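Protein chains: 2
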Amino acid sequence: MISKALGKYVQSLHQKKYRQRHGAFLVEGGKSVLELLSSDLEAEHVLVTAEFVAQHRAHLPAHLALTISTEYELTQLGTLATNTTALAVARLPAEKPLPATLPETGLLLALDEVRDPGNLGTLLRLADWYGLPGVVLSPGCADAYSPKTVAATMGAFARVHVWERDLAAWLPTLPAVVGVFGADLQGDNVHRLTLRPSGVLVMGSESHGLTPAVESCLTRRLHIPRGATGGAESLNVAISAAILLDNFFRNQ
Amino acid sequence: MISKALGKYVQSLHQKKYRQRHGAFLVEGGKSVLELLSSDLEAEHVLVTAEFVAQHRAHLPAHLALTISTEYELTQLGTLATNTTALAVARLPAEKPLPATLPETGLLLALDEVRDPGNLGTLLRLADWYGLPGVVLSPGCADAYSPKTVAATMGAFARVHVWERDLAAWLPTLPAVVGVFGADLQGDNVHRLTLRPSGVLVMGSESHGLTPAVESCLTRRLHIPRGATGGAESLNVAISAAILLDNFFRNQ
Numbered sequence: 154m155i156s157k158a159l160g161k162y163v164q165s166l167h168q169k170k171y172r173q174r175h176g177a178f179l180v181e182g183g184k185s186v187l188e189l190l191s192s193d194l195e196a197e198h199v200l201v202t203a204e205f206v207a208q209h210r211a212h213l214p215a216h217l218a219l220t221i222s223t224e225y226e227l228t229q230l231g232t233l234a235t236n237t238t239a240l241a242v243a244r245l246p247a248e249k250p251l252p253a254t255l256p257e258t259g260l261l262l263a264l265d266e267v268r269d270p271g272n273l274g275t276l277l278r279l280a281d282w283y284g285l286p287g288v289v290l291s292p293g294c295a296d297a298y299s300p301k302t303v304a305a306t307m308g309a310f311a312r313v314h315v316w317e318r319d320l321a322a323w324l325p326t327l328p329a330v331v332g333v334f335g336a337d338l339q340g341d342n343v344h345r346l347t348l349r350p351s352g353v354l355v356m357g358s359e360s361h362g363l364t365p366a367v368e369s370c371l372t373r374r375l376h377i378p379r380g381a382t383g384g385a386e387s388l389n390v391a392i393s394a395a396i397l398l399d400n401f402f403r404n405q
Numbered sequence: 154m155i156s157k158a159l160g161k162y163v164q165s166l167h168q169k170k171y172r173q174r175h176g177a178f179l180v181e182g183g184k185s186v187l188e189l190l191s192s193d194l195e196a197e198h199v200l201v202t203a204e205f206v207a208q209h210r211a212h213l214p215a216h217l218a219l220t221i222s223t224e225y226e227l228t229q230l231g232t233l234a235t236n237t238t239a240l241a242v243a244r245l246p247a248e249k250p251l252p253a254t255l256p257e258t259g260l261l262l263a264l265d266e267v268r269d270p271g272n273l274g275t276l277l278r279l280a281d282w283y284g285l286p287g288v289v290l291s292p293g294c295a296d297a298y299s300p301k302t303v304a305a306t307m308g309a310f311a312r313v314h315v316w317e318r319d320l321a322a323w324l325p326t327l328p329a330v331v332g333v334f335g336a337d338l339q340g341d342n343v344h345r346l347t348l349r350p351s352g353v354l355v356m357g358s359e360s361h362g363l364t365p366a367v368e369s370c371l372t373r374r375l376h377i378p379r380g381a382t383g384g385a386e387s388l389n390v391a392i393s394a395a396i397l398l399d400n401f402f403r404n405q
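Keeping their order, the protein sequence lines are chains A and B.
Residue 304 in my numbering sits at position 151 of the first sequence, and the numbers go up by one each step.
Residue 273 in my numbering sits at position 120 of the second sequence, and the numbers go up by one each step.
No lab work stands behind these hints: they were computed from the structure.
Owing to the predicted nature of the structure, the values given are computational and were not obtained by experimental measurement.
You may find that some hints are simply not true.
Since the list gives no way to pick out one identical chain from another, each pair is judged satisfied if it fits inside one copy or across any two copies.
Claimed, not checked - Below are the SDA-like pairs computed for lysine to any residue, each with C-alpha atoms no more than 25 angstroms apart in a straight line: (1) Lys169 x Glu195; (2) Lys184 x Thr364; (3) Lys249 x Arg318; (4) Lys249 x Ala381; (5) Lys184 x Gly362; (6) Lys184 x His314; (7) Lys184 x His361; (8) Lys301 x Ser393; (9) Lys170 x Ala196; (10) Lys184 x Ser387; (11) Lys249 x Thr382; (12) Lys301 x Ala234; (13) Lys184 x Glu386; (14) Lys184 x Ser393; (15) Lys184 x Ala381; (16) Lys184 x Thr382; (17) Lys170 x Arg268; (18) Lys184 x Gly383; (19) Lys301 x Val315; (20) Lys169 x Ala234; (21) Lys301 x Ser360; (22) Lys301 x Arg268; (23) Lys184 x Asp269; (24) Lys184 x Pro378; (25) Lys169 x Ser358; (26) Lys301 x Ser191.
Throw the hints in and build the complete structure from the sequences for me.
Structure, rendered in structure tokens:
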């Protein structure tokens, strides 16, 4: 049974304003809730159907207080069209310091005004696949902890470190030896380069590309060759990032 | 001014049943409508705001009958949250014969039960970027001409050939020399192969992968290596296809 106060609290977390005020965010659906529970993140409330508990008892920590709920309640409180399994409230992770040596020892993904939560979630999932040390978001990006972003990460929200930085201010502070890579139709053909996963790969918004101030911070422009008979003018930002990341990680 | 009959007709095309009955589909938004008008597809009705006409007169064929509409009307008739520019009704293209020699002379993308129209549209856009001769869809895929798919193609709907085939019946009819490629965690590392763009690349649904009957038609299983410290279990179907296609096209 869900109290009125808990219901109101959960619903308030649909909005960024309340996620920030309460330092908490929503995790919806059984798969995402199980990823949360097996991660370092702290779960504040876990609402589950009796059926879900019966199916996943082995993966639910014994000390965990569960609130048994109906499918109707989970759907009412959340943002999914239907939720037949589980919903949790998790604490927003505190931002860890961004190690100054990082872009020399690993590849960071930096996103400049990526406003679509679906694209952002897909990019976080990609960062998780390649084991990137983290993702740096410009203040104009979609919220990494909005319900849509969390859903699109397919569980990666529980593992990927996220930092928020004004990219045009942050990138110039990096040591000169750090490569700052970006996609550019006039850039170097990635098929002819031997890239190593170190530095920062900056991806811009789909409609406007990189903002001029961030664009001017690039030290290396990369181009994904289009097929000889190809027609499309561009690729989706997550698709471009995937192809570029695969090119960074193929020479290990 | 839009007649009641035209309005009803346009709205009926939100549904596949009526798209098939009338042999027509919707194209929404200025960019997509301009792509339609510069393609070989036939536009049956073109509804535009006066502002859009003023801005794009040079790209609108002189013989074209335009119906001047308000933003409110375009939004009411279509599926977009707002449409301030244009909406067209296009004839569904007739399916051309699938040349029997094709998979030897070019790379076809085949999709097995890709049910999400956003993913399907992104995949068609990707096929357009690489200039693939076309995409073969299993009957269980999303409709290539649904409004959501068309929007996600970002204009590629006007250029990419689409065929519908029962993949488990069609793939075995291909000459033995044709490679039938698919993604498989136990497959060969694509970074260690020299792939050429010929044959068929089959991608399965995100939740279930390839159906068993299609999976058994593969002659070559490909694996996209995950980062050494990567956490994600899988990649989105369009992301996987993008990385694989880049690996097919890098050795030209």
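Against the structure, the hints come out as follows:
1. Lys169 x Glu195: within (19 angstroms within a copy, 45 angstroms between copies)
2. Lys184 x Thr364: Close across copies (22 angstroms), not inside one copy (36 angstroms); limit 25 angstroms.
3. Lys249 x Arg318: Intra 13 angstroms, inter 51 angstroms, cutoff 25 angstroms: intra-copy only.
4. Lys249 x Ala381: Only across copies: lysine 249 and alanine 381 sit 22 angstroms apart there, 45 angstroms inside one copy, limit 25 angstroms.
5. Lys184 x Gly362: Answer is between: at 17 angstroms across copies they meet the 25 angstroms cutoff, but 33 angstroms inside does not.
6. Lys184 x His314: Intra 20 angstroms, inter 36 angstroms, cutoff 25 angstroms: intra-copy only.
7. Lys184 x His361: between (34 angstroms within a copy, 15 angstroms between copies)
8. Lys301 x Ser393: Both, since 21 angstroms and 21 angstroms are each at most 25 angstroms.
9. Lys170 x Ala196: This pair counts as within: shortest intra-copy Cα distance 20 angstroms, inter-copy 46 angstroms.
10. Lys184 x Ser387: between (33 angstroms within a copy, 13 angstroms between copies)
11. Lys249 x Thr382: between (46 angstroms within a copy, 19 angstroms between copies)
12. Lys301 x Ala234: both (12 angstroms within a copy, 17 angstroms between copies)
13. Lys184 x Glu386: between (36 angstroms within a copy, 12 angstroms between copies)
14. Lys184 x Ser393: between (27 angstroms within a copy, 21 angstroms between copies)
15. Lys184 x Ala381: between (41 angstroms within a copy, 23 angstroms between copies)
16. Lys184 x Thr382: between (41 angstroms within a copy, 21 angstroms between copies)
17. Lys170 x Arg268: within (17 angstroms within a copy, 34 angstroms between copies)
18. Lys184 x Gly383: Classified as between: cross-chain Cα gap 18 angstroms, same-chain 38 angstroms, threshold 25 angstroms.
19. Lys301 x Val315: within (16 angstroms within a copy, 31 angstroms between copies)
20. Lys169 x Ala234: both (20 angstroms within a copy, 22 angstroms between copies)
21. Lys301 x Ser360: Close inside one copy (20 angstroms) and across copies (18 angstroms); limit 25 angstroms.
22. Lys301 x Arg268: both (12 angstroms within a copy, 19 angstroms between copies)
23. Lys184 x Asp269: both (22 angstroms within a copy, 19 angstroms between copies)
24. Lys184 x Pro378: between (37 angstroms within a copy, 23 angstroms between copies)
25. Lys169 x Ser358: within (21 angstroms within a copy, 32 angstroms between copies)
26. Lys301 x Ser191: within (21 angstroms within a copy, 35 angstroms between copies)
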